[in-house]
Every structure is written in structure tokens, then in C-alpha cells.
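These are the residues of each chain, in order.
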Amino acid sequence: MTEIRFSGFGGQGIIRCGLITGKALALYDNKHATMNQSFGPEARGSACSSQLVVSDDRVLYPYITQPEILVAMSQEAYDKYEPELREDGILIIDKDLVKPRPPRGKIKLFAIPATRFAEELGNRIIANLVMLGFFTAVTKIVTPDSMKKALPGLVPDRFLELNLKAFDRGYEYGLQVLAEKEKGQTKGKASAKKSKAKK
Amino acid sequence: MKAEDRLEERNPIEDLLRMDRIPHIWCPGCGIGTVVTSFAEALKKTDLDLDKVAVVSGIGCTGRVAGYIKLDSFHTTHGRAVAFATGLKLANPELKVVVFSGDGDLAGIGGNHLIHAARRNMDLVVICVNNFNYAMTGGQVAATTPLEANASTAPYGNFEFPFNLPFLMEAAGATYVARWTALHLRRVTMSIMEALQRKGFSFIEVITPCVTLYARRNRLGDGLNLLRYYYDNSEIQHGADTRQLDISFQGKIIVGKFVDKDKPTFLDAMNQHFTRVLGDDYQLYGRINHDRD
Amino acid sequence: MKKVKADPKGVLTGVHYLDGDYAIAEGALAAGCRFFAGYPITPSTETAERFAARIPKVGGVFIQMEDELGSIAALIGAAWGGKKAMTVTSGPGFSLMQENIGLACMMETPLVIANVQRGGPSTGLPTLAGQQDIMQARWGSHGDYEVIALAPDSPQECFDLTIEAFNLAETYRVPTFIMTDECVGHMHEKVVIPPAEEIEVVERKWYTGPKDKYLPYKLDKDGIPFMVKAGDGYRFHTTGLTHDERGYPVINAECQDWCVRHLCDKIRKNADKIIILEEDETDTAEVIVLSYGITSRVATRAVQKARDEGIKVGTLRLITVWPFAEKRIRELAPKVAAFVVPEINYGQIVFEVERCAAGQAKVIHVPHCGGWVHNPEDIYKAIKEAVK
Numbered sequence: 000m001t002e003i004r005f006s007g008f009g010g011q012g013i014i015r016c017g018l019i020t021g022k023a024l025a026l027y028d029n030k031h032a033t034m035n036q037s038f039g040p041e042a043r044g045s046a047c048s049s050q051l052v053v054s055d056d057r058v059l060y061p062y063i064t065q066p067e068i069l070v071a072m073s074q075e076a077y078d079k080y081e082p083e084l085r086e087d088g089i090l091i092i093d094k095d096l097v098k099p100r101p102p103r104g105k106i107k108l109f110a111i112p113a114t115r116f117a118e119e120l121g122n123r124i125i126a127n128l129v130m131l132g133f134f135t136a137v138t139k140i141v142t143p144d145s146m147k148k149a150l151p152g153l154v155p156d157r158f159l160e161l162n163l164k165a166f167d168r169g170y171e172y173g174l175q176v177l178a179e180k181e182k183g184q185t186k187g188k189a190s191a192k193k194s195k196a197k198k
Numbered sequence: 000m001k002a003e004d005r006l007e008e009r010n011p012i013e014d015l016l017r018m019d020r021i022p023h024i025w026c027p028g029c030g031i032g033t034v035v036t037s038f039a040e041a042l043k044k045t046d047l048d049l050d051k052v053a054v055v056s057g058i059g060c061t062g063r064v065a066g067y068i069k070l071d072s073f074h075t076t077h078g079r080a081v082a083f084a085t086g087l088k089l090a091n092p093e094l095k096v097v098v099f100s101g102d103g104d105l106a107g108i109g110g111n112h113l114i115h116a117a118r119r120n121m122d123l124v125v126i127c128v129n130n131f132n133y134a135m136t137g138g139q140v141a142a143t144t145p146l147e148a149n150a151s152t153a154p155y156g157n158f159e160f161p162f163n164l165p166f167l168m169e170a171a172g173a174t175y176v177a178r179w180t181a182l183h184l185r186r187v188t189m190s191i192m193e194a195l196q197r198k199g200f201s202f203i204e205v206i207t208p209c210v211t212l213y214a215r216r217n218r219l220g221d222g223l224n225l226l227r228y229y230y231d232n233s234e235i236q237h238g239a240d241t242r243q244l245d246i247s248f249q250g251k252i253i254v255g256k257f258v259d260k261d262k263p264t265f266l267d268a269m270n271q272h273f274t275r276v277l278g279d280d281y282q283l284y285g286r287i288n289h290d291r292d
Numbered sequence: 000m001k002k003v004k005a006d007p008k009g010v011l012t013g014v015h016y017l018d019g020d021y022a023i024a025e026g027a028l029a030a031g032c033r034f035f036a037g038y039p040i041t042p043s044t045e046t047a048e049r050f051a052a053r054i055p056k057v058g059g060v061f062i063q064m065e066d067e068l069g070s071i072a073a074l075i076g077a078a079w080g081g082k083k084a085m086t087v088t089s090g091p092g093f094s095l096m097q098e099n100i101g102l103a104c105m106m107e108t109p110l111v112i113a114n115v116q117r118g119g120p121s122t123g124l125p126t127l128a129g130q131q132d133i134m135q136a137r138w139g140s141h142g143d144y145e146v147i148a149l150a151p152d153s154p155q156e157c158f159d160l161t162i163e164a165f166n167l168a169e170t171y172r173v174p175t176f177i178m179t180d181e182c183v184g185h186m187h188e189k190v191v192i193p194p195a196e197e198i199e200v201v202e203r204k205w206y207t208g209p210k211d212k213y214l215p216y217k218l219d220k221d222g223i224p225f226m227v228k229a230g231d232g233y234r235f236h237t238t239g240l241t242h243d244e245r246g247y248p249v250i251n252a253e254c255q256d257w258c259v260r261h262l263c264d265k266i267r268k269n270a271d272k273i274i275i276l277e278e279d280e281t282d283t284a285e286v287i288v289l290s291y292g293i294t295s296r297v298a299t300r301a302v303q304k305a306r307d308e309g310i311k312v313g314t315l316r317l318i319t320v321w322p323f324a325e326k327r328i329r330e331l332a333p334k335v336a337a338f339v340v341p342e343i344n345y346g347q348i349v350f351e352v353e354r355c356a357a358g359q360a361k362v363i364h365v366p367h368c369g370g371w372v373h374n375p376e377d378i379y380k381a382i383k384e385a386v387k
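Chains H, Z and G, in that order, give the protein sequences.
Read in order, the letters of the first sequence are residues 0 to 198 in numbering that gives the first Met the number 0.
Read in order, the letters of the second sequence are residues 0 to 292 in numbering that gives the first Met the number 0.
Read in order, the letters of the third sequence are residues 0 to 387 in numbering that gives the first Met the number 0.
Bear in mind the hints are in silico, worked out from the structure with no lab data behind them.
There may be inaccurate statements among the hints.
As the list claims (entries may be wrong) - Below, in silico cross-link-like pairs of lysine to aspartate or glutamate (DMTMM-like), each with a Cα-Cα straight-line distance of 20 Å or less:
no.: 1; chain 1: G; residue 1: Lys-212; chain 2: Z; residue 2: Asp-50
no.: 2; chain 1: G; residue 1: Lys-304; chain 2: H; residue 2: Glu-179
no.: 3; chain 1: G; residue 1: Lys-56; chain 2: Z; residue 2: Glu-159
no.: 4; chain 1: G; residue 1: Lys-334; chain 2: G; residue 2: Asp-377
no.: 5; chain 1: Z; residue 1: Lys-69; chain 2: G; residue 2: Glu-353
no.: 6; chain 1: H; residue 1: Lys-94; chain 2: H; residue 2: Asp-28
Stated by the list, open to error - Non-contacting residues of chain G with respect to chain Z, defined by C-beta distances greater than 12 Å in every case (computed):
no.: 7; residue: Lys-56
no.: 8; residue: Phe-61
no.: 9; residue: Glu-65
no.: 10; residue: Asp-66
no.: 11; residue: Glu-98
no.: 12; residue: Asn-99
no.: 13; residue: Met-134
no.: 14; residue: Val-191
no.: 15; residue: Lys-210
no.: 16; residue: Phe-235
no.: 17; residue: Thr-238
no.: 18; residue: Gly-309
C-beta: ideal position from N, C-alpha, C; glycine also.
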């Protein structure tokens, strides 16, 4: 079972992130995926989040308790939800919008300028899709094909192409970051070995 | 009276009445029966298929009308007749739906439904028998009781400003508004006929004596006197400004047809709108009824 | 009872990712509902929104009424106009509907009301879950009557049970409730909508005999009167007053006795046919966790933990909450040590369980006053206490 929280401020398409991922997993990746959203009285602004429980068996408890994955697209959301993230979890942020504290425990941090990329593609409204592409690449919890299949019906038809482009942008960046991390890790491991050998 | 004599005294509208429920519960001198007669005559004079006319009443003396009319008839809950009629009409648009109820039911407890049905120009005929008080429960003050008039819950006289119903209805969007007294038999019949033959929200207020309660508490004489009094004190002013139609205690009553205008009904507006916006995707509603074959 | 295949126009066949509220709207459309009157109220509004978006392309009417009093009144009118009709609401709106729920019962009007429950009383918790209207569903209107209420625990069941609700409403000519809650209403999961030809819907029990012989409340062999709709030429009368077979008011004790007994007995005597339960390991259980709606899913987690420790726990899920599964609970009571009853309220269904257990088994309530689902740990502790 995996618990995921998408968070940001209202209007960023945070609920949509949960919906797309949930649909991709439940309909095309053969998982059980239960999506819930936190409702506040305000429709826009303020911290907003959607939560997804993913499992091979039926989801019994419908809410997340201690997420393995946190996506934060605003400082307020990061401040609010970071403390509940598992010590071995994955933290994904929009690096232009969130200034993270030094990482806690074994939390793996992945950062992307999602909103900036979206602006470069022509519309900041698709920052959530950039983020989803990135999320898909770095978490590997869902296949990119399923994510793309999930889009029709959840994004406006006339913006489907643009959303796909945004997804790809984020996904490619994710692969790149992963590759760099791996490189860094092997380098790190190698130097660790070296230092051990020295001892 | 022998049975055969009674036969000769057949009620001229008895084919439209549930004779197995007569005698009715209304007091001698009550004006509701007169309005029922006008309604029945109006029905006969139109060429409406009477199988397609339904009557909905709420609660109260006038609320009992649905129980006596031999058409599809619904005696519903207090205040909800207009909302019930809205559902009935929309579910089966080929019906002509008439709401027949009292002032307390329609404008007091049911006031919200009344104004909203008028706003939507729901295709309904609303006949509002106004006897200035809650009669079924014993003559309590109503939203229509004139200032100073006495009622069992206003034992020192009424100090609340009453509704001017034609003004309320016009403001809310009714496309046909008339007021008569019960003794204007032919005029009431004519107004109901007009309303039955047109589309849209029609509101007909009929001022009617409540002999047993309102008249007695206010020492206004017997039913016939009061009926005559209302008639004599009324003044026909077709097209009068509805803002000027307040009724004062035993004052002049302006009657007539005040509003008669065209506007798309709820269903027409719905069909037009969706056809325009959705084109061929829209399933035109209400022309054919597939529900029973 | 005449069953037919669903009208494909309303059936959105396929695999979807829907929340419970949307699934209710799809279930209604699949069941043949073509009239919806409603008033916005959190957390049920999405059902109305979905219906409003879908119905113009299916053929039917959506109307947003001025209040819930109007919604339920319009529903009854629409049902008598020949349509299958529904509304959706939450606690405060459900309260406003109570008077005319009585009228629907009295007039024997088939209709469906979904109550997406939130925490109460009063305005309470508009955006958070509760199961606090479950007794109101049974007793909310004045007088003696019976209704049917179903409690889905997932969006899929919201779809399935909405169809079932329409079928029951038509079969027994009674208002039927879908008693879900904010959690299920706003929860997105996979919902499979089968092809129309695989969906069975119950048609209204239309009268087809001679016009002059029609009596609106003459009971058929199965105890349910035939129905006609306005405009078919029967010139019938119906009323909220105590009435006889003709639908005419009769204000005395004898007619009241006939009327009330009929309204209640048509459900009570058919309870076995109406009630749907889901049981797991009840026959070998020392303790049975009895629950309904979302709470049963949460409870299963506690049950699994207890079973892992070797405790013999069974589960009994009330898919049909009303009429109440009293026969089954009476059967089980002598065989178990206890019933554990978690529910998102401060004590409602537990009293029914106590009544049926009649002292033969302990009944342990696990209350939750609303705003969230139970912590499974609390249910687990109650199971442990039950076998102590």
C-alpha cells in the first residue's frame, strides 16, 4: 500500500493531480486507488490537497495516515504537510515556490521548476501536468502510458495536446534528474568505498 | 325531499364533481363553492381534453377543492401545492395543471414556491381563494388579513401589513394576473378560461367571504351580505398599476385583469436554450411522451 | 413486478473513475430516472451537478428548486406525472424534506432520495462525514410508516444501489433512501458501468384494467396497489389524508387502522425479500462486527488485525439498513458473545441491535461523533473487549 498527498494552493489543479493519478492506477495499472480531497470552505487560494491510497487489494481505510509521497506546490502546503511525511518518504516540490528545510531522516527530495516550465510552454495553468510527469518519472508508482491515457475527460479536450506536452516535459526532466542522482550516487558510493578502503 | 325531486335538481356541473363525496365540508355562505362552479364552467367552455387537466391543492378550506373535482386531483401538504404542481407539469408536459388553494396555503406557508414558480413562468394556473384568514383552523390572522381586521390570533385587530397579491405576483414574474370577487361569477369564469387557454404562470385571486369566522369575528353579516358587499365595493380597473391594489379593511377592492403578457415558459425556455447551446446533442423534451405505450 | 432492460440512453457503459456523488447520478440515469429536483447542499451537490450536465443529452428534466421543501414536493408530483424521480441532499435538507416524505409514503409514491450525510446536528460539519441521519431516515416524518434505506460503502455501490433503490421504490411504491456519507460521496474509485442490457430495472406497476374500475389504493394480490399517472384519463384522487381504496379521505379509526397497517406491512412482510446483507465468517464467530456504509470498510481493517491474533471475528454489513435485519440478528445473538457496533454517530443503530440481541449477546458500541471515519484501532479494542 502506498499513500500519496498532492498539495498546493487552490487553483493549481491539485485535485486534478489526484484524479489523474488515481484514474491511471485504477483503470489502466490494475491497482486499487482511492482518491479523497480535503475540502475547505474557500474555492481558491489557501492550502489545498488531494490524497490517494494505492493498493493491490481493496482499500479499506480511505484516508492517508502517513504518506510515502508528498508533492508540494506551495510553501504553505509544504509547511503544513511535510511533517506527516514518512522518514523514508519521497518529497517532490516546485523549487521556485517551495524553500525546503534541510531534509529529515532518509527523505528523498526531488525538485522541479514546474510552474516555470509551464510558463515556458505557454501557460502556467499546466504546471500541475509538468509536476505529474515529474512525479511519474521519479516515483515510478504509475506508468507514464497510463497517466496519458487518464487525461481525456480530466483536462479540457482543446488543451489535451498542451497537457500531454507538459506531462512529457516534466517526465523527461524527471528521468534526467534520476540519471543525475544515480550518477551522483554511484560516485558517492564509489567514494564511500574508497574512504572505507582508506581506513 | 324525495329522490326524484333531487334528480331534477341535478347540479349543472356534476359531471365534473365527485358526487360520491358530496355534501362538501364548506360552510353555508362560503364562497369557495362559487369559485369551483366558475372553474367547472370555464373548463366546459374550453376545448381542453379534460383527461389532461389536473388539479393540485394544498391544505385548508380551499385545499379541499382537489377532493371534489372529478379530474386527476391531488390533495397535497400545506404550502407545497405549487411545488408539487411544478413536478407534475414538468414530468408530463401535456397536462394542464391547475393549482387551486387558499391565501394562507399559497402566499403564507407556500409563498416561496409561489414566487419562484412565477419567476420561472412555470406553465400553471393558480387560483387563489382569498378569504383574509386561516379558516380551516379557526380564523387566525393571515398574510392577507387587512389592517385592523380581527382574527383569532389578532384578537385586538391586525397590525401587520398584508400582501398585495397581484403586486407580488407581477413583481415575481407572473405573466397573467387577475383579481375578482366570488360574486363576479362570469368574470372569474372568463379569467380562468383565459388562463387555461394560455401558456405561462397565471394567477387569479378571488376575494371570497368566510362567513363562519372572518365575517362573524368582524361583525360583517352573513355570507350573502358579505359577498354582495365585496361585489358592491369593488371597482373594475383593467390594467391597473398593481402597486395600487392594497386591500384595506372593508375598503374598496380594485378588481380586473392587471397583467397579460407573453414570455417563454420554463419548458419552452429550457428547450430553446438547450437546442441553441447543445444543438443535436439535446434531447428535445416534452413533445412526445414515451413513458407509457 | 415487471423487470425490463435499462434504456441505453441513460447508461454510460464503461469503466470510470468517479466519486460516490457522481456514481449516484449515473445509477439514477441507468435506472431510468428522468426527473431530478434538488437544492444545493454540501456534500451532495455533485450529484445534482452531474445530473444537470447529463440529462439534456439523455432526455428529461433537471430543476433546481427554491428549497428542499420544494424539491421533495416536485418529486412526488413528477412521480405522479409518470417519471422516475430523485433528489439528493444532506442532513439539513433531509430535515426539511421530512413532512413530504410522509406524504410520499401516504400517497404510496415511488421515489428515491440520496442523503450524503455530514456531521450534525444543525449546520454541523458541512464538509465532513457522519452517519447521524440513520434514525431520521426511519422515523423522521410524523406518524407510522415504513421506508427502505440502503447504505453503500463505495462509489461502485453508490451506482449499483441507486439502481436497486429505484427498483425497490417501484416494487413497493415507497420512498427509498440511499444513506451514504461525505466520505463515500467525495471518494473517487473505479466504477464499472455495465452495458444497458445487463441492467435490470423494475417498471412501475401500471394499472391496465378498465378505467371505471380503477381504485388507486385497492391492494393487488401482492399487497401493492396499481398506479396510474395523471393524464391517462382515470380522473383519480389521492390525498395525504387517511384514505380508503378510492383514495378518498375517511377520517376515522377504522380506516386509519387499514391505512397504517398497509403502509407498514407492505414493507414488514416483505422484509426478507428486501434486505441485503453481507456476511463474513458469522457462523463460526465469537464476536460479530456489525456496521454499515463506510464504517464497514474501516472496520474490516480492525477485523483483519483481530483475526491475525486468532480471534474469531465475523462481520455483518447492513447493505439494507431499513427495514432492519432483525431476524438475522436474532438468529445470531445466541451463538455469539458480542456484537461490536461502530457507527459515525453517538448511538443510533446500536439500539436496534440491542433490541434484537435481547440480552443474549453483549452489544458494544463504538461511537464516533462525526467529522472523520473511525480509527480502526478503536474498533479493534472493542473486539478485544468483547472476547475478554
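Hint check results:
1. G:Lys-212 <-> Z:Asp-50: Holds, because 16 Å separates the two Cα atoms, which is no more than 20 Å.
2. G:Lys-304 <-> H:Glu-179: 43 Å, violated
3. G:Lys-56 <-> Z:Glu-159: 49 Å, violated
4. G:Lys-334 <-> G:Asp-377: 24 Å, violated
5. Z:Lys-69 <-> G:Glu-353: 51 Å, violated
6. H:Lys-94 <-> H:Asp-28: 29 Å, violated
7. Lys-56: 5 Å, violated
8. Phe-61: 9 Å, violated
9. Glu-65: 4 Å, violated
10. Asp-66: Violated, since 6 Å does not exceed 12 Å.
11. Glu-98: Since the minimum Cβ distance to chain Z is about 6 Å, Glu-98 of chain G lies within 12 Å and the statement is violated.
12. Asn-99: With a cut-off of 12 Å, Asn-99 of chain G comes too close to chain Z, as the shortest Cβ separation is near 6 Å.
13. Met-134: 23 Å, holds
14. Val-191: Correct as stated: the minimum Cβ-Cβ distance to chain Z is 25 Å, above 12 Å.
15. Lys-210: 10 Å, violated
16. Phe-235: 6 Å, violated
17. Thr-238: Per Cβ check, Thr-238 of chain G is inside 12 Å of chain Z; nearest 4 Å; violated.
18. Gly-309: 57 Å, holds
Violated hints, in rising order: 2, 3, 4, 5, 6, 7, 8, 9, 10, 11, 12, 15, 16, 17; the structure is consistent with all others.
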